[in-house]
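Visitor: Sequence:
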Amino acid sequence: MATYVIGDLQGCLEPLERLLKHIQYQPEHDQLWFAGDLINRGPESLDTLRFIKSLGDKTKVVLGNHDLHLLAVSYGHGTLKKGDTLTDILMASDRDDLMDWLRHQPLCHYDAELNVIMTHAGVPPCWTLDQTLALAKEVEGKLQSDTVDEYFSAMYGNSPSKWQDDLVGLDRLRTITNYLTRMRFCNQNSKLDLKSKEGINTASKGFAPWFSYPSQVPEDCHIVFGHWAALEGKTQLKHIHALDTGCVWGGSLTALRLEDKERFSMPCTINRKTP
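When you line the sequence shown up against UniProt numbering, it's residues 1 to 275, in that order.
Source of the hints: derived by calculation from the structure; they are not laboratory data. Misleading hints may appear alongside valid ones.
Capping the alpha-carbon separation at 25 Å, the derived lysine-lysine pairs in PhoX-like fashion look like this [stated by the list, open to error]:
| # | residue 1 | residue 2 |
| --- | --- | --- |
| 1 | LYS191 | LYS60 |
| 2 | LYS142 | LYS162 |
| 3 | LYS197 | LYS162 |
| 4 | LYS58 | LYS81 |
| 5 | LYS205 | LYS234 |
| 6 | LYS60 | LYS205 |
| 7 | LYS162 | LYS205 |
| 8 | LYS195 | LYS82 |
| 9 | LYS261 | LYS238 |
| 10 | LYS197 | LYS81 |
| 11 | LYS58 | LYS261 |
Could you put the whole structure together from the sequences, leaning on the hints where they help?
Guide: Shown next as structure tokens:
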């Protein structure tokens, strides 16, 4: 049995199918993890979502910012943006089932046996492992509740930009969401810069990649994340693994086998649709 973590799909089903063939994926034995942003910007968002849902207990998924954006739009609290390729999902006959399945996915997954934690954007330096799991569950509880509309109505926004234990209500949930699904740069106090989105050398003064600071997560615990294509899969740290290698932008789709940390990549050969 092998466990593979795959970076941001963003609706690129055909490269995924080629990657699974390349790694000789065996559904009866292997498990797939997906590091969020399953959909959007790519040409096959609907089929990608259907495929991952069909895997059932053979997969582990965490939500990314694009997945949450789709849910917010579906619930009437978001607006489609230029470049979004979500219309097929929103018009699908099985839309309600897909949205219900999606909002019941976590923001964080931890496997104690493998000692690996997966979130879409990473783990901020100010959070311990246990704290990360607990805070993710706060958002998951809201997503899966009857008051989920309240969450989506307040999800968008860049503030508060710094974690404080005494944050409450929707401000607290928005901040947790931003750390787990949108984080790239922060300062030494874990204050977020959510406007800088390119490579490591583009940080604003006083800010650096979140993984450049000492972490409260033990070093023997491996962190896997996606979200940041400009990193090209590189953090220079053996226990922190960046897996978004820009498939939707003409890069490649990457899988990491957790048992031995070997990487596998498949070039993207399809053209991204534009609205």
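Visitor: Next step is simple, just say for each hint if it's right about the structure.
Guide: Right, here's what the structure says about each hint:
At roughly 29 Å between alpha-carbon atoms, LYS191 and LYS60 are farther apart than 25 Å, so this suggested pair is violated. A hinted pair counts as satisfied when its Cα atoms are at most 25 Å apart, and LYS142 with LYS162 qualifies at roughly 21 Å. With a CA separation close to 18 Å, the supplied pair LYS197 and LYS162 stays within the 25 Å bound. A distance of roughly 32 Å separates the Cα atoms of LYS58 and LYS81; the hinted pair therefore is violated under the 25 Å criterion.
Pair hint LYS205 plus LYS234 holds up; C-alpha atoms about 22 Å apart against a cutoff of 25 Å. A distance of roughly 37 Å separates the Cα atoms of LYS60 and LYS205; the hinted pair therefore is violated under the 25 Å criterion. Restraint check for LYS162 and LYS205: satisfied, since their Cα atoms lie roughly 16 Å apart, inside the 25 Å limit. At roughly 18 Å between alpha-carbon atoms, LYS195 and LYS82 fall within 25 Å of each other, so this suggested pair holds.
Only pairs whose Cα atoms come within 25 Å are accepted, and LYS261 paired with LYS238 is accepted, the gap being roughly 9 Å. For the given pair, LYS197 sits about 17 Å from LYS81 by alpha-carbon distance, which is consistent with the 25 Å threshold. With a CA separation close to 19 Å, the supplied pair LYS58 and LYS261 stays within the 25 Å bound.
Violated hints for the displayed structure, listed by number in ascending order: 1, 4 and 6.
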